[in-house]
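Asks: Protein chains in written order, with the working numbering: chain Z, 194 to 1004; chain V, 89 to 209.
Calculated directly from the structure, the hints in this document are not laboratory data.
Note that beta-carbon positions come from the ideal geometry of N, C-alpha and C, so glycine has one too.
Any given hint might turn out to be false.
[To be verified] Calculated lysine to any residue pairs in the SDA-like style (CA-CA distance at most 25 Å, straight line): (1) Z:K199 <-> V:A135; (2) Z:K360 <-> V:I103; (3) Z:K360 <-> V:T151; (4) Z:K360 <-> V:L146; (5) Z:K821 <-> Z:K481; (6) Z:K199 <-> V:A127; (7) Z:K199 <-> V:V124; (8) Z:K360 <-> V:L109; (9) Z:K481 <-> Z:R709; (10) Z:K199 <-> V:A121; (11) Z:K531 <-> Z:Q408; (12) Z:K481 <-> Z:D660; (13) Z:K199 <-> V:T151; (14) Z:K195 <-> V:I103; (15) Z:K360 <-> V:I100.
[As the list claims (entries may be wrong)] Listed next, with one range per pair, are the computed distances between beta-carbon atoms: (16) V:R201 <-> Z:T247: 49 to 57 Å; (17) Z:R997 <-> V:P123: 22 to 30 Å; (18) Z:A251 <-> V:L200: 21 to 29 Å; (19) V:A121 <-> Z:H218: 17 to 25 Å; (20) V:A117 <-> Z:I201: 44 to 52 Å; (21) V:P123 <-> Z:L221: 49 to 57 Å; (22) Z:A251 <-> V:R201: 48 to 56 Å; (23) V:R170 <-> Z:L881: 58 to 66 Å; (24) Z:M194 <-> V:R170: 45 to 53 Å; (25) Z:P992 <-> V:A121: 55 to 63 Å; (26) V:A121 <-> Z:V584: 52 to 60 Å; (27) Z:H218 <-> V:A117: 27 to 35 Å.
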Amino acid sequence: MKNRLKAIFALLVLAAALWALQARHGSLPPLATFLDPVNGFWRNNAASDAIPETLSIAGLRGQVTVVWDDRHVPHIFAANEDDLYRAQGYLTARDRLWQMDFLSRYAGGRLAEVIGPRVLEMDLLQRRLGMTWGAENFLKGIAGDAAMRRILTAYCNGVNAYVDALKPAAYPVEYKILGYAPSRWTPFDIALLLKYMAWDLTGYGNELGLTRTRQAAGEAVIDALFPFFAPFQDPVIPAGTAWAPAPSPPVPSRNGAARPGAGPVAAADPFGEPVGSNNWVVAGKKTKSGFPILCDDPHLQLTLPSIWYEVQLSAPGLNVRGVSLPGAPGVVIGFNEKIAWGVTNAGSDVLDFFQLRFRDSRQREYAWGETWRPLTWRREEIRVRGNKTVVENVPYTHLGPLPFAASRPGRPDWIPEGAAMRWTGHDASAILDALYRLNRARGYEDFKAAIAGFDCPAQNFAYAGSDGRIAIWHNGKFPLRARGQGRYLLDGSDPQSEWAGWVPMDRVPHSEDPERGFVSSANQSPTGDAYPYYLGWDYGTFERGRRINELLETATGISGADMARMQGDALSLRARTILPRLLAILNTAPLTAVERERAEGLARWDFVHRAESTEPTVFSRFFVELYKAIWDDDLERGGKLFLAPKADVTMDLILGDAGSPFFDDAATPEKESLADIVVRAFRRALALLQEERGAFSPRWRWGQANPVVIGHLGRIPGLGAPALAVSGGRGVINAASGGHGPSWRMVVELGPGVKAWGSLPGGAAGNPGSRFYDDGVRDWAAGRAVELLFLRSAAEAHPRIAARTSLRGKR
Amino acid sequence: MIIAIQAVLILILEIGLQSWLWVAGVPLAFAMAAPVSSARACGRGAAAGGLSWLLAGLYLYLTSGRIIAGRMAVMFGIGAGRGWLLVLLTGLLGALVAAVAAWAGSALRAALRGAHPSPQA
């Protein structure tokens, strides 16, 4: 009896131990399954870098050869398109499966299913924003396009061939940490990824802040602080360009009024530009080779695994090289033997909010013209790990979703209550077909035909061809609106408030082979005031665009290396524009010896944000404090601004309107002048820096004070890169700062033998245990570009080829 | 010898059947089969489980696992550059699980023997 009891007790202890060791505790992975050397994290090691000689993929019809270069980039050569995209899907999954899965889950509001209730609000927001509805519309839109469906199917089949053969021991480490299994990939996942990118680039708005500001401060303040055409701008299409007139749609009879209530809370951020990008093309007459050179560096939130997956795709009629979006077929930014293209975010307004008037408090019908229209409801089910499934019925109008009928937790403060969304990203889209055609374009006409389908997110498409042509298109599906329509909340009961159609694709701003020999964009205004269509008003500030143009205007005999260097340019036009005025004020101020020393340092500074310089740290903090000194009192409770004016408007006030009432600090009884707040801001900046970084020392260096941090996509500690000291910053060409920066740098020199250089802040692999996970980070931080291998055939020999893999169908 | 056999068997079964539970299953079975004291069974189990996981972890660490171990050490809060500690932790955990399993196996053997005494007893 005693032995039996002892045995039962021992078995219970064993069972409890086994249970405890394979259960998750908080955010920690299950200890035993995770440390198990056979199936746990140890298997996610660098052995994955070894390249197999052959791979079997279910469904392949012919032989596919993959040539791997020394950066682990696959160059895929297939005999037909089906095999090509199947192989692309398989190889992308092999390197980036968890990243694809995570982003699709995020976009579609399905993260709680694998992470649990702590991300439920995030999921709910995605559902309320209509991301799944948009993805469904995308798929409906291509339902009749057999070729596109075939490509999506081939790509998904490739991914699933990998997923189906994957054993738990080989799961990417993030699955092991988070404790879930990969699921099969579908065209719906691809659609969600596209919606994610579209929202990332166009999903923002100032309607609520501007409407409240107008209600509180009046139209004159709006005109002064939030102009249609911001100061210092050098637009994408040069001002002075002649445009054919266009009929303007009728001006809506009334705008919507914001509902009573607080907010939005506008933070005084002098940068306020979370995403941005640069691209430019120089014509052959300015280059050493006589052929155009195209450059592109899209700025996004930097993460590991890298946002982009480099690839070369080759099949009959196609040989393209560049970066792909992991999880979607084709190349997004790249080049082939004839053309190169690159994009920056257009920034034009393709999202409007329409304030609704409900028939009664039940909020089931809303006014539209002389009638009442019923809301429809979309049932969204969110599975929550360890909890019950949450059902959310999201109301929809004929315009789109009504994300927040009433105030509730999780509402971003820029999204108004009781307002319906109209967003081009919800519409059917030809974006994948556009990329398909772009990858195959043989010249400028092909390029134009291709980008006509690139609807949302609108982009500045730069073009260079081996035929010598260059161009830039501010391209996308832009609503046809009267000037300023959609700047404020629109009145949802007024049918005239609605978009009247679309700006014709051949009338979007563009420039072809301009006399000055270059085209460029950096998220600034697309045109001057004379352009006949209204596209928006909230564009990037002037600094990067002007700097690019001033460098290109004088440059001649340009080489690819020159352009790669220019992508690393760190001169601040903001500092060059405003600092002399600020120093003139400081010169007459009674400063302490230490303060005087810092001011003299700024006077000697050449405005370059070098990692090893201290002046950028002082200037940047000085400007931030000055900006806050000007605007904080107007933005805080009781102030009349609900949207922070941008740095360009602020600089314009400082330079041109020293007597502006905005310089007075409303929180004090005294009346401050510009000089008062400049001196105060300078002292405060130095005091704060001293508090944070100690007395003036190398710790004040820009690279230390403003490190670039490339974190893990899922914010898992240890899977990001160490903090980097980079010569760059927001508002300079090399716009690397904090967690943002150039997500890919590319320089392409066209000609009979196209040559290209690139840099990725990460690497090809998604496995944190691989040496190719972050092998590009050091070069990227130093501004070095490597030549991008571009092969003409699978058999081509090159010293940088690491290995070849033969892909075959499974018997 | 018996320890080595157990250790090898643990690894073979884990690889073949894709489950970490064999680090418990094998010592449990061996302890049930071996007429030794509970303490001895525990020791054998701990040595077999610990060795199998320690050596497998060490092998992977030395050949291809330094990067991932370093990152995991940061994740666990052990500190950057201390990935090797995870090798020890892996061995320790293997030993612990196997020891408890062997103890349970030994107790089970004692209970079963009491219930059905063998003819030789």
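Asks: State for each hint whether it applies.
Replies: Going through the hints against the structure:
As the CA atoms of K199 (chain Z) and A135 (chain V) are separated by approximately 23 Å, the hinted pair is consistent with the 25 Å bound. Between the alpha carbons of K360 (chain Z) and I103 (chain V) the distance comes to roughly 11 Å, so the proposed pair stays at or under 25 Å and holds. Between K360 (chain Z) and T151 (chain V), the direct Cα distance comes to roughly 22 Å. Compliance with the 25 Å bound is thereby established for this hinted pair. About 23 Å separates the Cα atoms of K360 (chain Z) and L146 (chain V), which keeps this hinted pair within 25 Å; it holds.
In summary, the hint linking K821 (chain Z) to K481 (chain Z) is not supported, as the alpha carbons are separated by about 46 Å, beyond the 25 Å threshold. Note on K199 (chain Z) and A127 (chain V): the hinted pairing holds, with a Cα-Cα distance of about 14 Å set against a maximum of 25 Å. Note on K199 (chain Z) and V124 (chain V): the hinted pairing holds, with a Cα-Cα distance of about 16 Å set against a maximum of 25 Å. At roughly 16 Å between alpha-carbon atoms, K360 (chain Z) and L109 (chain V) fall within 25 Å of each other, so this suggested pair holds.
For the proposed pair K481 (chain Z) and R709 (chain Z), the alpha carbon gap of about 16 Å is at most 25 Å, so the pair holds. For the hint pairing K199 (chain Z) with A121 (chain V), the CA-to-CA distance comes to about 17 Å; that is within 25 Å, so the pair holds. For the hint pairing K531 (chain Z) with Q408 (chain Z), the CA-to-CA distance comes to about 54 Å; that exceeds 25 Å, so the pair is violated. For the hint pairing K481 (chain Z) with D660 (chain Z), the CA-to-CA distance comes to about 16 Å; that is within 25 Å, so the pair holds.
Between the alpha carbons of K199 (chain Z) and T151 (chain V) the distance comes to roughly 44 Å, so the proposed pair goes past 25 Å and is violated. Between the alpha carbons of K195 (chain Z) and I103 (chain V) the distance comes to roughly 38 Å, so the proposed pair goes past 25 Å and is violated. A threshold of 25 Å between alpha carbons decides the hint, and for K360 (chain Z) with I100 (chain V) the separation of about 16 Å falls inside it, so the pair holds. As the Cβ distance of R201 (chain V) to T247 (chain Z) is approximately 54 Å, the hint placing it in 49 to 57 Å holds.
A C-beta distance of roughly 58 Å is found between R997 (chain Z) and P123 (chain V), which places it outside the suggested range of 22 to 30 Å. Distance hint check for A251 (chain Z) and L200 (chain V): the Cβ-Cβ separation is about 49 Å, which falls outside the suggested range of 21 to 29 Å. Checked against the hint of 17 to 25 Å, the C-beta distance between A121 (chain V) and H218 (chain Z) comes to roughly 34 Å, which is inconsistent with it. As the Cβ distance of A117 (chain V) to I201 (chain Z) is approximately 18 Å, the hint placing it in 44 to 52 Å is violated.
Our hint of 49 to 57 Å for P123 (chain V) and L221 (chain Z) is violated, since their Cβ atoms are close to 40 Å apart. The hinted window of 48 to 56 Å between A251 (chain Z) and R201 (chain V) holds, with their beta carbons roughly 53 Å apart. One distance hint, 58 to 66 Å for the beta-carbon pair R170 (chain V) and L881 (chain Z), is violated here, with the actual separation near 35 Å. The beta-carbon spacing between M194 (chain Z) and R170 (chain V), approximately 49 Å, falls within the hinted interval of 45 to 53 Å.
For the hinted restraint 55 to 63 Å between P992 (chain Z) and A121 (chain V), the CB-CB distance of approximately 60 Å keeps it satisfied. For A121 (chain V) and V584 (chain Z), the Cβ-Cβ distance of about 54 Å falls inside the hinted range of 52 to 60 Å, so the restraint holds. Remark: the range hint 27 to 35 Å for H218 (chain Z) to A117 (chain V) is upheld by a beta-carbon distance near 29 Å.
When each numbered hint is compared with the structure, violations occur for hints 5, 11, 13, 14, 17, 18, 19, 20, 21 and 23.
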